[in-house]
Structures are given as C-alpha cells and as structure tokens.
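Here our numbering is used: the first residue of the sequence shown is 1, the next is one more, and so on.
Read the hints as simulated data drawn from the structure, not as lab findings. Possibly wrong hints are sitting among the right ones.
[What the hints assert, rightly or not] Computed cross-link-like contacts, SDA-like style, restricted to lysine to any residue with a CA-CA straight-line distance of at most 20 Å:
id	residue 1	residue 2
1	95	106
2	95	111
3	95	113
4	95	83
5	95	85
6	95	78
7	95	65
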Amino acid sequence: ERPRPVLTAALFASFAGMLFVLKPFAAGAAPAAGGLAALLAGFTAGCAYYNIRRLGALQEGGIRTVFYFTLISTLLSALGLLFTYSSITPYSPEKLFWALVVGLTATFGQLALTRGLHYGRTVVSSALMYYSIVFFRII
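Kindly generate the complete structure, drawing on both the sequences and the hints.
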C-alpha cells in the first residue's frame, strides 16, 4: 500500500524530530552505535509489518504467525543469552508470576497487532502502535 504524501511528510518530520531529541551522533561512537542500532530496529520492524501484511493477504492465520514469531524470537534471545550472561539465577515465585503476566499480555498484544496488520491499513496500524509509548509513560 502506498502512503499518502501527508503521511510521508509526517514520517520524515518524525525522523528529524527523533534526531533532534536523541542526538545519536553528539557524544562519540557509543551513542552513534546506539542510534544506528535503533534505526536498524525501526527498519526491521517495518519489514516485519510489511511481511505480516502480506501473510494476511495470503490468508495465513494470526495465531500461527504469532507462534512462529515468538518461537524464533525466543530461540534468538536464548542464543544471545548464552554469550552475555555467566550465571542464571532462578526466579522467585513473585518474579515468575510477573514474567508470565508480561508474556501473556505481550502475546495478546502481538495477536491484536497481527490482526490489525492483516485487516487494516499497515501505515495506520504501525503508527498507532507508538501510542504504547504514551501509555507506558502514563503508567
């Protein structure tokens, strides 16, 4: 789907605003690397939204899409965990409870996002996702 010129202008304006707020190149190489990592994350998220939209056009089920996304993300995260942590401590029952709550709400969020991308406009669905930052700030 082709975004309207107003949405394209808003995208470039928000990108410029992000550069003014984050100033990724202001303090040397480490912040610049973080800024580049954020840009790469945004690019890959856009690619994921596009592919989820295409899967919806092919009548691929949302639950299957979320399942494989979760499976691949978990395996890649576990691979990264092997190289970053030297010891793993078991969760207390309270921490385990909250980890499960976060996992369940994330799963429902992914299902809702996938449904929105399958049936709605990709540009609007992905833009509305940024309201989570506002809600997070309120909480």
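Status of the hints after comparison with the structure:
no. : hint      : verdict
1   : 95 to 106 : 16 Å, holds
2   : 95 to 111 : 24 Å, violated
3   : 95 to 113 : 26 Å, violated
4   : 95 to 83  : 23 Å, violated
5   : 95 to 85  : 18 Å, holds
6   : 95 to 78  : 19 Å, holds
7   : 95 to 65  : 28 Å, violated
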